[in-house]
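Taken in sequence, the protein lines are chains A and B. The opening position of the first sequence corresponds to residue 0 in numbering that gives the first Met the number 0, with each subsequent residue numbered one higher. The opening position of the second sequence corresponds to residue 0 in numbering that gives the first Met the number 0, with each subsequent residue numbered one higher.
Hints are computed from structural coordinates only; laboratory data are not their basis. Wrong hints could be hidden among the right ones.
Pairs involving identical chains hold if they fit within one copy or between any two copies, as the list cannot separate such chains.
[As the list claims (entries may be wrong)] No farther apart than 30 angstroms at their CA atoms in a straight line, the calculated lysine-lysine pairs in the DSBU-like style are these:
1. LYS226 x LYS57
2. LYS327 x LYS226
3. LYS67 x LYS56
4. LYS457 x LYS325
5. LYS333 x LYS226
6. LYS420 x LYS56
7. LYS325 x LYS29
8. LYS420 x LYS82
9. LYS56 x LYS76
10. LYS420 x LYS57
11. LYS67 x LYS57
12. LYS10 x LYS476
13. LYS76 x LYS57
14. LYS191 x LYS333
15. LYS420 x LYS76
16. LYS327 x LYS553
17. LYS549 x LYS45
18. LYS191 x LYS420
19. LYS226 x LYS315
Number of protein chains: 2
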Amino acid sequence: MVYKSPIADFKYNLDMLGYNSFAESIDQFKDFDTETVISVVEQVAKFNEQEMVDSNKKADREGIVYIKDGKEGPEVKTPDYFKPLYQSVIESGYIGASNPTEYGGGGAPFAMGILNGEIGIASNMAFYMGPGLSQGAIKAILKKGNKELKDKYLPKMISGEWMGTMCLTEPQCGTDLGLIRSTATPEEDYYKLNGQKIWISFGEHDLTENIIHLVLARLPDAPEGIKGISLFLVPKRLDDNSRNPIFCGGLEHKLGIISSPTCVMNMDDARGWMIGEPNKGMEAMFLMMNDARLKVGLQGVAMSEIAYQNALDFAKNRRQMRSVVKDKQESDAKADNIIVHPDVRRMLMNVKSTTEAMRSLCIYTSMKIDLAEHHPDDSVRETAEDFAAIMTPIIKSYCSEKGFLNCSDSLQVLGGSGFTKEYPLEQYMRDVRIALIYEGTNGIQALDLVGRKLTMHKGRLLQNFQKEVQQFINENKDNENISTFIKALEAAVKEVMVSTMWLMQNGMQDPENALSSASDYLNLVALTSLTYMWARMAKFSDGKNEPQHKTKIKTGTYFIDKFIPELQMYSKKVQSGKSTLMEMEVEEF
Amino acid sequence: MVYKSPIADFKYNLDMLGYNSFAESIDQFKDFDTETVISVVEQVAKFNEQEMVDSNKKADREGIVYIKDGKEGPEVKTPDYFKPLYQSVIESGYIGASNPTEYGGGGAPFAMGILNGEIGIASNMAFYMGPGLSQGAIKAILKKGNKELKDKYLPKMISGEWMGTMCLTEPQCGTDLGLIRSTATPEEDYYKLNGQKIWISFGEHDLTENIIHLVLARLPDAPEGIKGISLFLVPKRLDDNSRNPIFCGGLEHKLGIISSPTCVMNMDDARGWMIGEPNKGMEAMFLMMNDARLKVGLQGVAMSEIAYQNALDFAKNRRQMRSVVKDKQESDAKADNIIVHPDVRRMLMNVKSTTEAMRSLCIYTSMKIDLAEHHPDDSVRETAEDFAAIMTPIIKSYCSEKGFLNCSDSLQVLGGSGFTKEYPLEQYMRDVRIALIYEGTNGIQALDLVGRKLTMHKGRLLQNFQKEVQQFINENKDNENISTFIKALEAAVKEVMVSTMWLMQNGMQDPENALSSASDYLNLVALTSLTYMWARMAKFSDGKNEPQHKTKIKTGTYFIDKFIPELQMYSKKVQSGKSTLMEMEVEEF
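Next up, chain A with everything else stripped away, as it sits in the complex:
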C-alpha cells in the first residue's frame, strides 16, 4: 500500500482558486491563510499516511464484532487498534477544526476541513465515517438546537470525546422519509422514543463513552408524510450515566466499508429532546445535506487518489512486454515497465485527469459554502449559496460514480494482482461503491438537480453558474495559449443550454421526460463543471515554468481531448427523453 497526501496539489488549488483573498474577505477566517491551512493539513497528513493507511486493510479483514449479551445490552466491538487511532485523530485536530471556537472548535473554514477530509477518507474511509457523520450531528445541533442542548453536547462532540450519528432510515423507508413510523411521545421534560432505525453508521461502538443520536420521528399529532417529522437528540447515556434504551439490534454484512459498523437501532422508550420546531425535522436535516453530500463526493475523489497512487506504483515497477518504440526499450531488462505502454497510460491518465478536476471542484464548492455562511455581503452570500446548492447533487453523484469507476480502472492496471487481496485496490473499489448510494442515491441527486435546483428562484441557480462561467470565457477569449480549454468550455456551456432548454420544454409537458433524462443531464453539467475547473487551471498555469504547471497543462489537455466528446453524448441522451421507457408494461421487463 502506497499513499502520500496530495499536499502539493492542495496548495496548487488554493492558489489557483484565490484562497487567500477568499480568507481575507471573511473576518473570522483572516488567520487561516494558505500557509496556515497547509501546515495544519500537513500535521493531519503525517499521522494518517503512517498508521491509518495500514489499519485500513487490517480492519477490512477483521471487521466489527457484535456482542449480543453485553453488560448493559448488545455491544459493538471495534478492532483494538481503533481506540488509540481514534485518540490520534482527536489529537491531530481533525474533528473540531472547522467548528466554532465558542464550543472549543478551531474556527477554520469548511474548505480546510475538505482538505483534511480527503486525506482521512483516502487513509481509511470506513473509519472516518464515524467522525464524518458526527460533523453532521454537530451542525444540526449548532443550527437548530436550543442553548441548553448546545452547551451540554457540543463541547464534547467537537472535542471528539463523544460521537454523533444520524438516524433517518427505517426498514420501510430509505429514499422516502415521509414513510417514517418511529414515534416520540411528550413526557414532562423529555420525549419517549420508540421504533426501529436501520443502516445507522457508527450507531453503536466502543470508541467513545457516549453516542449522541439525532433521530427523525413523529409526534403523536403529527400530520402524515414528510411534513410530520421532527428531529430529536437521543443520547446513548443520560446525565446520570445510565443507559438510555437505544440499542443495537444487529449489524449489516456489507460489500465494503466493513469496519464501519452499520447498525440496526431499536428504541424502546428511549429519552430524547427535540431539536428545532415540531414537524420541522426535515428542514434541520437539509441544513447539513450540502456538507454531507459534498463529503460523499469527496469520498469519490479521495478513493480515486489512493487507487491511482497504488496503480501508478505498480505500473512503475511491473515489467511486461516491450515498448512499441525501440528507443524506449530498456536494453538491460527483458521487458519494460508497463508505464511505457499507451493503454496503461490511458487508464492512469483517465483517473488522474478526472481526479484532479473533481478535487478542484470540491475545494471550490467548499469555499462557496463558507462564503454562503459567513460573507458579510448579502449578494455574495446569495450567489455562493446558489453555486453550492446546484453543485451539491452534481458533486455527490458524479464524483462518487467516477470515483468508483476510477478505482475499478486502477485495479485494472494491476491485472490479476488487482483482483487479489494482496493489493488494496479491490478493497478501495468495494469501499467506495457505497458512495453512489448513501446520502440520497445518485438517482435521487439527479432528481434534486432537475426537479428542485433547476426550478428554484425561477432558474436563478443555473443562470448564476452560467454567468460565472461565461464571464471567465469572456475574460480569456483572447488568450491563444489556452484556447483549447476556452473552446471546450464554450462548447460545454452550449450543450448545457441546449439540453436545459429541451428539459424545460419537454419536462413541462411531461414530467416523465425530465425524470428519465435527469441522470444524463447531471453528468452533462458535471462534465461542464470539470471543464471549467481545467480551464481555470490552464489559465493559472499558463506561462509558468515550474514542472507542476507544465504537468497540469498536459493533464488538462488530455482531459479535454478525451472527455469533451462525452458532452455531446450526454446532451443527445438527454434529448431522447423517456424514449420507450414508460411504454414498457411491468411484465415486459
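Using the hints, position chain B against chain A.
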C-alpha cells in the same frame, strides 16, 4: 435470489439468427435442430436454476480450504455440497455436449454449449470455471495431441470423470508469456517439468480423482521468448495412480469467484508429455483462445442477466415515493413500486437492452465458430473464421466490461440493500470483475483487435464484417418500419469507417497513436455490432404481433435512443489518438 433461464430469449435468438438452416448446412449437426437444442438446454436449466443458484451464495461465504499437510501433499478442499453438484453437472450432459462423439461427447454445436454456458455461469460462475477451463484443455488435446494421449485422456475428460486445467502464468509473466521460465527436460519416454505456475483456476481440488494440467514450458534448447515455448500434458496422477509431483503451493485470496480455487502450482520433476510440436506451444494455446475468450464475454452476459432479474424482482416489490403521474399511483398503498419511477426504469432498461444484444452477438459468433470449423464450403469457413476472429476480442472485452457495469447498475436499483450481503448483487459484481482481466486483459484485447485483427489478410476481417452489415442495410433500406434501426446502423458503420481510416493513417506514422486509441476503437466496433444485432432483431420482430416481438421493438428502440450517442463519442476519442499521453514523463504521473 431469483433466476429463471432465459429460454424464451434463447429460442428467439435461434429463430432470428436462422439457426435451423445453419444446423442443416453442417452434416454432423443435422440432428440438432432448434427444438432438440432447446429441450437439452431446458434439462440443464432445470437443475441449475434449483440447486446451483443456491449453492453459489453459500460457497462464496465458505470458500475453499487449503490443507498444507494432506495425505500425499497439499490438498484443496471444496465445500461438501460441491461433489454431488458436480455429479449432477455430469448427469445433465453439460460437459461433453459439444465434444466429438468419437470420444464420448454429444456432438452438438458449440452454439448449444453457449446456451448451456450462459445458464451455468449465471447460476454459479465460480463453480463452472472448472468445467469451463476443462473444455480448453480438451480442445488443445483434440487439436494437437497424438493418438495415444487422445485415447488415454479425452474420454475421461469429456465424461467429466477427470478435469483439465490451463497452466500459463508465472510470477514474472501474465500478459507477456515470452518470459516463461518453467522447464521441460526430455527423459526416455516423458519430460521432467520444473517451475512455478500461478493463478491456476481449479489447479487442485477434490471434485475429480485426476486433474489433467496443460502446462507451458521451455525445452532445454528452446529459443528465447515466445518462440521457445512448448505445451505439455501433466496429469496429477500417473498411470499407476501414483501422485505426479505437481502440487498446490497455496491459494489466492480474491475479490470474487471465491469458490473457484486459484492455485499456485509447483512442479518438482513432474512427468509430462508434449502436445503438438516443440516450441509451438503458443499455437496450441491460440487454438482455444477464440472459444475461451468468447466464454469470458459470455460471463458478462450471464452475470448481467441474473443481476438484472434480481434488480427487477426488487423493483417490482419495493415501495418508495409516488409516481409523478397521478393515474399511476396506487391508491391503496402509501407509496408505489419503484418500477414506476423513470430513473429506476432507466437503469433496468440500460441493462436489459445491452444484455439482450450481447447475448445475440455471442450466439451468433458461436455459430460462426461452428461454421468455421465444420462447414463443407471453404469460402463459408473462411468468412466465418474472419467474423469470429475479429469479434472475439470485442466480445471478450466489451461484454465483460458492460457485464460488470450492468451488475453495478443492477445493484444500484436496490439502493442500500444492494450493498448488503443479504442480496446477491454485490457478489455478482465481485465475481464478474475478473472477466475484465483474465484470458488476456481487456487492454490486450484492444491491442489484438487493432494490432493483429485489423491488419490480418490486408484488412479482410473488418471488410468482411462491414460487407455483411452493409448487405443487411441494403436489403432493408426501404422498410419504413425499421428505419430507426437502419439509420442508426448506417451511422455506426460510417463512424467505424472514419475511425478505421484515422487509425490506419495515424497508426502507421506512429504506432503509439493506434495503441492509445485501441480501447475506444474496440468499444466503437462493439457498439456497432450490438446495433447490428438490434437491427436484425427489429427486422425479425417487425410485423409480428406476439408480446415478445413488441417488447423487442421497444427495447431495441430504447437502445438506439440511448446508446447510439456513444458512437460518435468513441469515434472522437479514437481520433484524438495519443493526445498528451506519451509526453508525460514518468515522474509527472
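>> Hints numbered earlier in the text: which of these fail when held up against the supplied structure?
In response: Of the numbered hints, 1, 7 and 18 do not hold.
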